[in-house]
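> Protein chains in written order, with this note's numbering: chain R, 1 to 301; chain S, 1 to 301; chain C, 1 to 258; chain V, 1 to 258.
Calculated from the structure, these hints are not laboratory results. Take the hints with a grain of salt, since some may be wrong.
[Unchecked claim] Once the Cα atoms are required to be at most 30 Å apart in a straight line, the calculated DSS-like pairs of lysine-lysine come out as:
hint: 1; chain 1: V; residue 1: K6; chain 2: S; residue 2: K300
hint: 2; chain 1: R; residue 1: K293; chain 2: S; residue 2: K200
hint: 3; chain 1: S; residue 1: K200; chain 2: R; residue 2: K200
hint: 4; chain 1: R; residue 1: K300; chain 2: C; residue 2: K74
hint: 5; chain 1: C; residue 1: K83; chain 2: V; residue 2: K241
hint: 6; chain 1: C; residue 1: K6; chain 2: V; residue 2: K74
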Amino acid sequence: MNLTTNLGKLKLKNPVMTASGTFGYGKEYSEFIDLNNLGAIVVKGISLKPMKGNPDPRICETPCGMLNAIGLQNAGLKEFIKQQLPYLRNFNTKIIVNILGTSINEYIELAENLEAAGVDAIELNVSCPNVKKGGIVFGTDIKIFEELIRDVRRRTRLPLITKLSPNTADIKLFAKAAEDAGSDIISLINTITGMSINIKTRRSRLANITGGLSGPAIRPVAVRMVWECFKTVKVPIIGMGGIISAEDAIEFILAGASAVAVGTANFVNPIATLDILEGIKSFMSGNNIKSLKELTGTVKC
Amino acid sequence: MNLTTNLGKLKLKNPVMTASGTFGYGKEYSEFIDLNNLGAIVVKGISLKPMKGNPDPRICETPCGMLNAIGLQNAGLKEFIKQQLPYLRNFNTKIIVNILGTSINEYIELAENLEAAGVDAIELNVSCPNVKKGGIVFGTDIKIFEELIRDVRRRTRLPLITKLSPNTADIKLFAKAAEDAGSDIISLINTITGMSINIKTRRSRLANITGGLSGPAIRPVAVRMVWECFKTVKVPIIGMGGIISAEDAIEFILAGASAVAVGTANFVNPIATLDILEGIKSFMSGNNIKSLKELTGTVKC
Amino acid sequence: MSRLFKASVIENRQVIKNHFLLTLHPLDNIGKPRPGNFFMISVDNCLDPLLKRPFSIHRWLGRDFQILYRVAGKGTSILSNRKPGDTLEIIGPLGNAFPSLRSNNKIIMVAGGLGIAPILGLAETINKYRPLCFYGARTHEELLCIDELISLGIEPVISTDDGSLGEKGNIVDVLKKYLSSQLPPPPRFCLYACGPGPMLIALSDLAKTFNLKGYIALEQNMACGLGTCLGCVVNTTDGYKRVCREGPVFPINEVIWE
Amino acid sequence: MSRLFKASVIENRQVIKNHFLLTLHPLDNIGKPRPGNFFMISVDNCLDPLLKRPFSIHRWLGRDFQILYRVAGKGTSILSNRKPGDTLEIIGPLGNAFPSLRSNNKIIMVAGGLGIAPILGLAETINKYRPLCFYGARTHEELLCIDELISLGIEPVISTDDGSLGEKGNIVDVLKKYLSSQLPPPPRFCLYACGPGPMLIALSDLAKTFNLKGYIALEQNMACGLGTCLGCVVNTTDGYKRVCREGPVFPINEVIWE
Ligand SMILES: Cc1cc2nc3c(=O)[nH]c(=O)nc-3n(C[C@H](O)[C@H](O)[C@H](O)COP(=O)(O)OP(=O)(O)OC[C@H]3O[C@@H](n4cnc5c(N)ncnc54)[C@H](O)[C@@H]3O)c2cc1C
Ligand SMILES: Cc1cc2nc3c(=O)[nH]c(=O)nc-3n(C[C@H](O)[C@H](O)[C@H](O)COP(=O)(O)OP(=O)(O)OC[C@H]3O[C@@H](n4cnc5c(N)ncnc54)[C@H](O)[C@@H]3O)c2cc1C
Ligand SMILES: Cc1cc2nc3c(=O)[nH]c(=O)nc-3n(C[C@H](O)[C@H](O)[C@H](O)COP(=O)(O)O)c2cc1C
Ligand SMILES: Cc1cc2nc3c(=O)[nH]c(=O)nc-3n(C[C@H](O)[C@H](O)[C@H](O)COP(=O)(O)O)c2cc1C
Ligand code: FES
Ligand code: FES
């Protein structure tokens with residue numbers, strides 16, 4: 001059985017990675033799983049300067065899902081390279097850094113510095129719905145979106161992943177634009193904007209009012225979008241959104257994903273990633289599948 | 001306590017109505033609840049000609065939700081007026097007819113005939129994602145959307161409700177367009193397009209491949225959209241999407257809904273509508289609220 | 001009397017691996033279910049699983065009733081953990097029933113696997129007409145209710161896929177052999193069947209070949225069980241029909257298999 | 001020894017209306033929890049509720065341990081239906097603990113309502129230092145663990161909102177009266193507190209007024225409990241801090257109340 005997953009020039013030992021923002025910088029989970037066994041670790045979004053994030057409360061549970069409005073709290077690029085990256089480098093897995101900026105130049109500076117620091121790939125977070133000054137404008141205005149990708153593309157040789165927002169009428173347009181602008185890989189979906197109100201206090205359950213919906217609740221939307229993008233672009237797809245079990249992961253692969261990212265499930269079950277990897281392996285052996293390439297996008301329609 | 005709900009010129013005895021397509025034409029539920037107690041019955045979408053709908057399977061369950069691709073099966077306008085409307089007229093409740101067409105003229109013909117037949121209001125289904133020839137084009141192209149509403153508006157004096165699709169980047173634009181074009185009321189949300197794959201058969205769980213996601217899973221998205229629209233338009237809003245309990249209904253009201261529609265919950269619990277109405281009443285008396293107008297849109301932000 | 005009622009679990013007994021016999025005591029008066037009818041059962045109070053699940057009436061015990069079910073997924077797995085004393089919310093009895101016998105008919109009951117669930121209940125109401133019964137399963141362990149059938153005076157003809165009991169092979173082939181031996185088969189033969197899709201398709205062909213009448217109980221994903229969601233349709237010679245309303249029992253020659 | 005483990009329910013006893021005492025038997029070796037630590041508990045295996053719920057260690061029984069909880073919503077309601085023999089998945093012990101006593105300190109424990117849950121466990125480890133204990137609840141029925149405190153040699157000062165036991169009024173006012181009677185209060189007094197937000201805010205003011213040190217255990221919605229989601233922060237003089245990681249116990253003067 002061959003689990004190697006080639007996302008263009010980014011080669012993973014297996015298709016299971018973590019979703020940005022749901023795995024910290026890996027350290028906390030090393031207590032529960034051997035990080036060497038992950039296909040890749042995608043770390044929490046990094047900005048040039050430290051960001052303090054949104055006021056609390058930042059999360060709440062919803063039916064089969066959760067809302068979050070963390071507000072991209074992070075210690076900033078320098079701190080990441082100094083404090084987190086060296087630790088992550090102890091493991092034999094790919095390190096992918098999710099980046100966000102308020103201008104194209106910030107994204108470029110992040111990419112250049114991370115390339116110099118030796119990370120394995122960059123994921124452009126253009127779709128976080130929580131921070132007004134954050135990436136959201138890049139994620140919804142397709143012209144700026146293309147320009148951003150094109151400009152970052154020119155300045156780094158790292159594999160470039162563009163993470164797509166589901167908060168759009170037609171995600172195919174963004175997938176195509178990302179491909180045309182030189183993105184090597186696309187990842188989807190980020191969270192769907194939602195809101196939940198505490199009827200006792202008559203306030204939003206989040207200080208930020210709205211937040212991003214993740215978890216199993218959004219899986220049907222995510223699978224549909226992966227399938228739409230698979231039919232539209234040739235670049236490989238990292239599928240995510242509500243993956244809890246190996247069955248869910250395989251659903252994404254059949255819909256067109258070459259690799260999968262596990263997000264909210266890490267909170268529910270800290271060993272979710274490796275449970276899912278094991279489940280994929282037994283599905284493959286049970287169905288005599290030699291390589292996941294045989295499965296990607298093969299849903300019969 | 002005053003439950004009367006004025007949606008512009010459409011006056012309901014209370015704010016709880018049924019969501020189109022989830023209550024048939026009322027008859028099946030009359031076994032479980034007294035239809036006289038409903039604020040309004042919104043019937044399954046009606047087209048000019050009978051439609052046979054999509055092949056099976058048409059539905060499947062997803063985490064805290066379900067996908068449907070019924071394909072707007074209905075017996076057509078004539079049959080509705082002859083067979084269903086007389087029965088519905090036995091009850092002291094408002095009858096709202098959800099209509100869909102493949103051209104503006106069809107919508108107009110439907111509206112004119114239904115006005116003549118004496119229904120209480122019309123809900124324009126411009127957002128059903130399942131039928132290629134159905135309303136979807138009206139729901140995503142804002143120019144055609146406005147034109148449709150404007151033209152139907154000119155040809156009927158019935159209160160006009162426009163039902164908005166959540167499959168858009170910015171629902172506020174459609175809410176505003178609907179208001180500007182003369183819609184008296186807006187209702188939201190319709191289902192979110194999704195997909196679910198059976199990994200054993202490697203087929204979509206729906207013959208139509210994709211379907212519309214409904215149920216509690218989508219509630220945070222629906223509440224957010226109602227709140228966005230409330231801040232954007234002056235016309236009253238009918239809120240729906242995953243309402244299962246009175247608490248959920250009140251969440252929508254706080255977010256800006258003047259009335260609520262109960263959909264998928266009818267399948268789970270055939271007396272859901274009246275359970276919700278009772279729950280709203282006890283919330284009102286428990287919080288000394290005289291009229292729901294005091295609550296609509298009052299979420300503190 | 002209401003078709004929306006609560007029932008308490010009297011017993012929820014594993015009969016063989018993955019198969020359970022659930023005995024329910026309705027806490028309200030309910031209508032007497034007829035063979036072929038089904039109930040929509042809430043397996044839990046939480047929102048996942050969300051929808052009620054359909055199960056055929058297996059046996060009617062006067063006031064209590066039984067469901068025979070297989071753990072197929074999330075909902076049935078949770079159901080299998082329900083304990084005596086737990087309360088379940090239920091809608092039913094729903095759907096149509098196997099039609100009553102015309103006097104000159106000779107019924108051949110055909111059950112595949114768990115298709116025996118409604119067939120046993122049917123057998124209890126028509127055993128006086130001495131129906132024939134053809135019953136196939138994958139292996140002898142999965143042949144349920146044999147004793148019950150025998151105590152009703154019905155000696156089933158049996159087959160198993162692995163040959164561990166009865167004839168080796170599928171039950172439709174066994175029935176075919178029987179019918180061939182009766183050539184020309186008496187036109188008063190009428191099939192009453194329940195089982196997995198492939199079995200019903202083969203049976204349809206057989207019915208066509210031998211020009212037999214018959215009724216089959218179908219399954220389809222369901223949301224409401226009441227005829228309102230239009231989600232549970234199957235294609236028939238008369239257009240899409242709702243399994244929960246026009247069915248679950250359909251004339252065998254009306255169903256169009258894709 | 002792993003912080004991800006399963007435990008079986010030994011007992012899940014209602015102590016008063018809506019309040020339950022859960023005794024758990026870990027099926028693996030677990031680390032010994034310190035007072036203030038908490039566990040993330042899966043109340044069910046289904047996807048709704050999705051996230052584990054945080055509960056303070058109430059009592060450590062050597063290998064088994066106890067949780068004292070109130071039915072607050074969906075998750076705790078399901079938890080209250082768990083029966084002996086059921087297995088729960090748990091992460092923990094998590095978070096920091098009430099700091100160890102400095103020799104010259106006199107601890108004043110303050111518990112409001114269910115804030116007694118971690119405070120009793122704390123009392124068990126520090127009773128030899130003869131701490132004071134101020135404990136308030138809405139009504140005398142909601143005063144839990146009084147006997148346990150007394151058997152630890154701690155005679156709590158009590159108040160109830162309705163005056164049904166102890167002083168009428170809130171416990172912070174009672175404490176204030178006590179401190180005023182001690183004027184100037186010995187600076188070696190140190191507060192260890194847990195309770196609802198308004199109580200903790202009043203206590204902060206009090207600490208400021210009397211210039212007292214203190215530690216309070218906070219609550220916040222949690223997803224991971226491990227410090228990765230950044231969902232559970234509270235605002236402090238040193239920026240946002242994670243209740244699950246830098247907390248749940250914080251120096252009382254560091255917390256910024258909005
Ligand atoms: C009228 C009727 C009568 C039935 N009677 C019985 C019975 O007596 N005993 C019994 O064990 N089962 C019966 N079934 C099937 C039973 O309803 C399904 O096995 C059950 O709903 C599966 O639920 P789940 O949550 O465990 O599985 P899911 O997780 O929902 O699905 C598991 C698998 O079961 C399939 N499935 C889901 N729902 C249905 C369905 N409604 N019909 C067929 N397959 C389905 C799915 O496609 C999937 O492959 C009946 C179905 C119908 C429509
Ligand atoms: C470190 C820590 C220790 C705790 N120890 C205990 C304990 O020993 N005993 C006990 O009974 N409770 C304790 N709690 C609170 C407990 O976690 C919540 O009551 C529980 O999560 C509510 O879950 P639910 O599904 O029943 O309620 P939900 O339906 O989720 O919510 C019901 C209500 O509870 C509130 N709530 C939800 N989650 C939390 C939370 N994490 N903290 C505070 N309020 C919340 C909601 O805002 C809502 O108002 C602790 C919380 C934390 C953070
Ligand atoms: C608490 C939390 C924080 C997140 N932070 C980020 C982030 O910093 N950057 C990003 O691109 N996505 C972020 N996401 C989105 C996830 O990476 C993922 O796209 C989304 O949660 C859907 O996957 P899931 O349903 O498996 O969680 C975050 C999600 C959660 C729940
Ligand atoms: C089975 C089914 C059929 C539906 N049919 C229609 C329809 O004919 N016209 C329409 O406007 N909406 C239709 N809807 C959408 C609902 O009216 C409602 O907008 C949506 O389901 C969200 O509400 P809910 O989560 O409460 O179900 C249908 C929904 C379901 C589940
Ligand atoms: S299950 Fe809804 S119509 Fe049959
Ligand atoms: S609960 Fe996730 S960081 Fe604290």
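> Now, for every hint given, state plainly whether the structure supports it.
Taking the hints in turn, this is what the structure says about them:
Of the supplied pair hints, the one linking V/K6 and S/K300 is violated, its CA atoms being roughly 41 Å apart against a limit of 30 Å. Pair hint R/K293 plus S/K200 holds up; C-alpha atoms about 17 Å apart against a cutoff of 30 Å. Restraint check for S/K200 and R/K200: the C-alpha separation of about 45 Å exceeds 30 Å, so the hint is violated. With a C-alpha separation of about 24 Å, the suggested pairing of R/K300 with C/K74 holds against the 30 Å cut-off.
For the given pair, C/K83 sits about 44 Å from V/K241 by alpha-carbon distance, which is inconsistent with the 30 Å threshold. Only pairs whose Cα atoms come within 30 Å are accepted, and C/K6 paired with V/K74 is accepted, the gap being roughly 21 Å.
Going through the hint list in order, the structure does not satisfy hints 1, 3, 5.
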